[in-house]
Each structure stands twice: as structure tokens, then as C-alpha cells.
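> Letter by letter, the chains look like this.
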Amino acid sequence: MTDDTCDVIVIGAGPAGLAAAQSVADQGLSVRLIDEQPTAGGQIWRNAAVVTRRGGPLAKSYGGAVAALSVLRNDHVKHATSATVLEVALSQTSDTARDPPVCVTWLSATQDARGVRETAARALIVATGAMERPVLFPGATLPGVMGIGAVQSVLKQSGLVPTGDGVVLAGQGPLLMLTLGQILAHGGSVAAVLDFGQSGRVARTTSGLFPALLSDPAIMAQGAALLWRARRSGVAWHRGVTGLRAIGKDGIEQIAFETGGKTMQLTCSLLAVHDGVIPNTQLTRLLALDHVWSNAQQAFAARSTPEGATSAPSVWVAGDGAGIAGAEVARLRGALSGLDVARALGALGDPEFRTRADPLKRHISRRGPARAFVDKLYAPLPVTAFSKDNAAASTVVCRCEAVTLARVHDAIRDGATGPNRVKTFTRCGMGACQGRMCGNALTRIVAAATRSAPQDAGALRIRPPLKPTLISDYLDLSPTHDPLS
Amino acid sequence: MTPDRHDLAVIGAGLMGLSVALEARTRGMSVVILEAETCARHASSASAGGVRSLNRHPAEIALTRAALPLWEGLAYRLGRDCGFRRSGQIRVAEDAEAMQALEDRATAIAALGFDHERLVTRDELKARIPAIADHCLGALVVDDDGFADPLATAHAWRHANARAGVLIREHTRVMSLERSTAGLRLATAAGPIEAGCVVNTAGAWGDRIAGFAGDGMPVRTAALQMIVTARMPAFVDPVVGSQGRKLSLKQTAAGSVVIGGAYKGDVREGPDGPLRGVPRAGRAASNLANAVSLFPALRAARVTRIWAGLEGMTPDGLPYLGQSRTMPGLFHAFGFSAHGFALAPLIGPLMADLLEGKRNNHAIAPFAPGRFDSVGSV
Amino acid sequence: MSIWKRAIPPGETVTIHVNGQTVTATPDETVATVLLRLGTRSFGINPASGYPQAPACLMGVCFGCLCRIDGRPGTQACLEQVRDGMVVETGGLRVS
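Protein chains in written order, with our numbering: chain A, 45 to 529; chain B, 635 to 1012; chain C, -17 to 78.
Derived by calculation from the structure, the hints in this document are not laboratory data.
Just so you know, these numbers come straight off a predicted model, no measurement behind them.
Please note that a few of the clues may not be correct.
[As the list claims (entries may be wrong)] Computed list of lysine-lysine pairs in DSBU-like fashion (alpha-carbon distance at most 30 Å, straight line): (1) 432/A x 104/A; (2) 104/A x -13/C; (3) 420/A x -13/C; (4) 293/A x 432/A; (5) 122/A x 405/A.
[As the list claims (entries may be wrong)] Some, not all, of what chain A presents toward chain B, calculated at C-beta under 8 Å: (6) 130; (7) 131; (8) 469; (9) 478; (10) 507; (11) 508; (12) 514; (13) 515; (14) 516; (15) 519; (16) 522.
[Stated by the list, open to error] Sample of chain B residues lacking proximity to chain C, with all beta carbon distances greater than 10 Å (derived): (17) 638; (18) 809; (19) 898; (20) 936; (21) 952; (22) 959.
Note that CB positions come from ideal geometry on N, CA and C, so glycine has one too.
Using the sequences provided together with the hints, build the complete structure.
Shown next as C-alpha cells:
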């Protein structure tokens, strides 16, 4: 039961996915672009069509979006929004033209065309981007605690900013400063910033500063401006913070934290936290691709060649989902993987591939030192850095199944030597989010407790469906709804 | 390299292997379990956890009835909860033909001298399970059947083994098996092992182990799919099946609905035999359609996880239990064909008796390892 | 009282129904951002902990925003752009 076939399926319509679709379509190949968001653009260009049309301070961070989105009007590209991938079947085949090796089962959840579809293709490009690294501390599951990226999403999606005297941003990283600036520029307010960045790190990092400046002067200048404006914003800035706690009954009311040897308590209505972003590996894990742990980014990503080819012959990865490198590099990697797919499918000859790919590769490698500098400057904090050592019983690792850090440690002591064992001992990762929110932390916790490398500790196995799916939708795939009749 | 010596080597750390190892250890043997991957990695964790004597093959009825009391005491014996509940098992008839089949079944097994399966009327069915669809006409029930949590059970057994001094060697594939002066000699990924006797509980890989001894014991590898939903408010107590449909449905203590029915995913093959099961959405949909037919409210439930575990299926659906015909000291307990879970606590004592040459009352002739010799073997 | 305020004046509006109340929204809002703007703290009760839950990511990964939308339980409110006439019920997962 295959509804449609195409040459290439691209999953994710952010900078990488859009660029990949473009470079595949440029070679005359047909593309099915599947994205779960209601509009294309990914997280960085969320609600791009509206934001860019409106202009204003937000639109400044949407450079390149309009050009990238033009691919959606390409005749070779069929774009599905509000579309969730349920599962992907891969088969080994020698004749990929006659017998497509990729079959994606997906749910179209649009109002007028709801239903499960199957699309077969000769190749798959996974461009599922990044997510904020979930951070652990007591009270983190209270309503009113969210990611800083989440606050930014609300602004981009719907033009809302947080106001009042209880808005607190906590953590570290460029997104903290960027979002702070965006909230203030839109008339919102921030009462305090809790800076978890480790003092002295800037000094230690200056060794990489000059190569970084040369490699991407624009991004480095942008970073410096953010830092400068943030510090001048007049927002109370608490440095060297540890021991964060969110306190409240049905939602956050107060926060407590330690700084300079003192415990402080603040009234709080919104606590937004951030410790960088990590690749969203849910789909590449579902496909059982080989993954590699990055020590610098403290996260797994699918193992891939510079062109994005993975351990599975018909699957490529592109963008931040293949390792965090930022939107511009994501776009370049998307374009490059599209070219590589076109070459693999015989639509592009080797010399032509090199002519097009080499400039992209040069641009990508030129930006390497800037990324290395940022990775070092905002190196991920230890997994328990936000909370106190004695807070394990009140720190939740798995939000969906309410599994605490203390229970995870008990399971490890009990012989759970890897994330999947912890899962079967405790239900950590068995809930609605299917391990998205606990997976990264779980690998790090298990590795630390068993004194093993995260690469060896491994990651949660991901099972289909990729998102929890209504049985009524699943029934679309049933050959006969009532075998008895 | 001097081989490790043990009284017993068990090949395969699924529930059957764990059960045999613990029983043998309790009887005083030194025991090592050799597991190619990790404990309970395949069929044992893709089990529906049914502790079911209902609708069993006649040859298995006595065994499952004998296993039931062992489930009652299992948590005490293993020192941990296994999630066992005497919820009952129920097999629903959705039309007249199915009702007739259930009536025939009840008559047939009464003639064999069993009285645990009982017919219930439409009204009694509805009273027991108010959420069941209105078209259901009646059911066959066993009230003292139930279910357990396969993962909790596997962990409990693994723990009890470790505590009792059984060596559990994971990631230790057995590569050959031969007779030696002292008994049997195994080549493993972690070096040679000598054992007085060997029990093959290798499930889907059982035929390969049997092949080392020249025993032709066919099994077909199946990737059995299980489906789990998000937590829902409690709506069904017993484990429910349906006459004429492939379905097994139950609700766990957490509220998740676990749906199986021997629908098969794909088997991914590797150089050492089958590697892993890959679930297929279309076949899950057929299974879900069966579930929705009995419980229409399930349409609004969300599937959170589908997985497929590899199980060895024999040509007649009955397990192999007994000694090798070609290699004395080698015993087989595999090929449970997707309904072995209920038997697990009994397989330990049963196999330990065989190892020790003790007599017992269990009729195991139908499970003879050589029963397919005359029809040819792999 | 909501802490979330419109920074950008709304353009065209649509009407949706939230827990039986009629609410005005703009088409570029998602159900989750509408609920935040209305001051909703708890989007539902976590079935494991019994405590209230609310969105943490607003991009489809945390599942803290699950609502019943147009009769479909367990729907991620942050991925649902509002449509005129949409019916939203907070309260988390429940059957039928």
C-alpha cells in the first residue's frame, strides 16, 4: 500500500532540509518534503513567511529564509506540513530505481487531508535539527519552567513575550543572550539572569579566539554585540550560580539558588533555562544508524561522512541533527547532502558534483574554528550542575514517567549497565515523549555512574511509531478493519 | 587457555535459561549462563506476559496447570515482584460460529478431564468487562489464569541467579559444542568452557545450538510484534483474546494497554543468524483493528511503542523438551513458539529433573526433540 | 492573569473553543501559545506523577502540552496551528 513514490524523501523543513530539497530538485529529481511543524522554516526560521513579511527586530535573524523557502514552489517538490513520520522501512536492494529501498509511513494531520500515507523513495535525507538540551534540577517539571528556546519559539510563532517582575532566565549560551535581547526589544521584561557559565572560561578560551574571528567574523561580532547589550540591559545578573530549585504547588512561584556562598530566593512566574542545543536523534536512532558521541557537545549524532552519508546505504543526515553547527552550516550541509544524493542516484556526474560541492565544503570548514570556540566557551555543564548533590530524590530525569535521579541511580546500582536497562527497570523513557527529554541525560548519568565512556554506555533504543499515534489513525493501514466479517 | 569448568552451562539467558539455571544452582550444581546478547533481549521481552492455561494445545494443558501455583510463589522465591496477577484470561466469541467453536472446545477438554475452562454467557461477559463491544456473544474463561510483567520477571530471575552464585556471561556467544573427556566442551566468544552437561535454551537460535550436536530440530524465526499504548484509565481486568482473531490484550498496572497477537515483523539477518526484529506498521494496524473490534474506545488511545522480539517457532507449535539423541549431556528446552511465558517457572524444575535423571509426573513425550526426524529436518 | 502579552498587534482573528469558552485567536498562534496567552498554567495532569504539567519546549519534543483537540486526546498543542471553530480541552490524556 504505497500512495506515492519519489526519488528522495527529505524529513525536516528547516535550513538543512530546505537546502537539501533544493539541491536535489535542481538535478531534476523529485522530492517529498515531510515536516511536522505547521509551516516550513524549522526552529530558526519558525513562522518564516509571517515574520519576514512583517519585518521588525525578529526578522533580522531570518536572513536567507525567503530564498530558502522558494524551494516550496519548485515543481519537483511536494511539501507536507503537519506531517508526522510513524516509521521508516529500509531494505537492501541493488536496483534502487525499480525497487525503492526507503518507505516512509507518515501521518498527514492537516484538517482537510488527515490520514496515514506511505511514500517510497530511492533515498532519504534526515534533517530533523536540534532540540534544547533538557536540564535537570528540582522543580524543573513545574508549569512555568521551560526552555529559553521555548520562550523564543512563542515569540516567533505568535508574537508573545513574557512580562511582569517574575521572569528569570537561567543557564548559559548564546541563545540566552539573544532571547534576552529579543524579549526586551519587544517590550517584555526579564527580572534576573542566573548565569551558570563558569567564570574564567573566557580567559581559557582566548587561545581559539583569533582563528574563530577569522573563520566567521559575522557570527563572532554578533556574539560580542549580544554579550555587550545583555550586560548593559540593566537586568540583575547573578554569576556562578548553582543549586537551582523551582518551588511552587501547581506552578512555579519561587526559585532558590546559590551564588557567592549565599542562598537567594526570588519570586518567579516564568523560569526559562538553557544549556545549549543537541541533535534530535530520534529518527536516526529509530533507523538504528551508527551514532558517535561528541565530547565537546556532550551528545550523540549519527555517524556521517562530510557529505552526510550514514551507516545505512540509502540514508543521509544533514544539519544540526548530524551534529550542532548552527543554521548557516546546516544550510550548507543540507545543500551538500542533496548533491551527494543526486550523485548517488546517478543524476549528477562526479566532476559536476565536485564543482558544486567543493565551494560548499570550503564554506563549511572555514566556519569550523568559530564553532569550536563557541563549543569551548559554552561547554555543556555537567549533567547535575544545575542542582545540588543531595537533590537526587527531588530531581526528575524522566518527566513523563516521573522517574527521579535517585531511582535511576538505584537502578544502576542494581545492575542497569546501560540506558535501556534503566528503562526496563524504572520506565524511564517509556512515556509519551518516548525518551526525547531524558535520553541525553540518561546516557550521561549512566556513563558517569559506571565510569564508562558515553559512547559505550549507549543510548535508548527508539521504537516506532516515531510519535505516539492514535489507533484510529493507525487503522488506515489495516487491510481489513474487520477480518471476521 | 584452561577452560572454565562448571557442572552446567545454560545457553541463552531468556526466561527459560534463567529458570533452569536457578533451579540447577538451588540443587547444588555450579552453573554458568552463556548469553550472546543480553538477558531477556528477544522473545522474553517481547512477550505479552500471559500466564494462560486457557485454549492451550491439549499436550500443554497439564504443564500450564502445574505451572500456575509456581507463579503464585515466584515473587517470594525470586525475592522481587514479577507483576503477577490472577486477573483471569478470557476468550471472546464475536459471532455464532465463534461461539460454537468455544462450546466445542469446552466439550472437548471436559472429555480430557479438565474443568478449568468455563463458558460464560453474554450477560456475564458484559458484567465482567463493561467496556466490551456489544456484539460479543459470550466467552470461554479461566479464572485462575493471569499475567505477569515480563521485564520485571526477567529482572527478578536474573537477580536471583546472580545472588545464588550463577555466573551470567552476557555478550558471550557459543560458537561450537563438542564432547570432551569430562563431559561437554564449548567454544565461546570469551574462551573455552567445560561443562558436565548443557541446556540449550537459545530460543530462535536453538536450532543452531542443536546443530552443533547433529540434532535436526527445526525452528522458524519469527519477529513477534507487541504494541503498547499510553497510560489510560483502567477499563479491562482480565487478559482478553478473541476466537477467530489474532489478539491478546491486557491493561497493565500502569494503565498502558499491551496488545499482541502473534503478528510478525521482519527478521533482520546477520552473519550469526537472526539479528533483531523490525516491526511493521501495517501488521500492527491489523492487530489494532482486532483490538478496536472488541474495545471501540481504543480508537482514541495512542500507540507509544511497537517492538518485535525474535522467537523460535516449531512446526507443530510445541516446544522441544528433552535430551539430545546424539550428544548425551546436552538437553533442549526451546521452540516455545510464542506461548512459553506461562511455563517458565516449571521449565526449571522439569529440566533439572531430566539433568539429574529423576522421574516426575510430567508427560513430555509430545515434546520429544526427535519428533520431526521422520519428516526430515534442517 | 497571563504573563504573556502580545508584542505584535493581531491581524485577522478566528474563534476557537477552550474548555467550553469562546476565545479569539490569530491564525499564526498554536493552541499552546493561545493557552499560554490566556494564562493557562496546567495543561493537564501527568498520568504518572499526578501533578500538573505544562509545555517546556514549544517545538514538539516534551509532550507537556498534550490536550484534547477536536476530539483527539493526547494531541501536542504546540504543533497545532489554530483553525476557526477548533475545540480544545485541557486536562491531559483520557479515554473517549
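> Which numbered hints are broken by the structure, listed smallest first?
1, 3, 20
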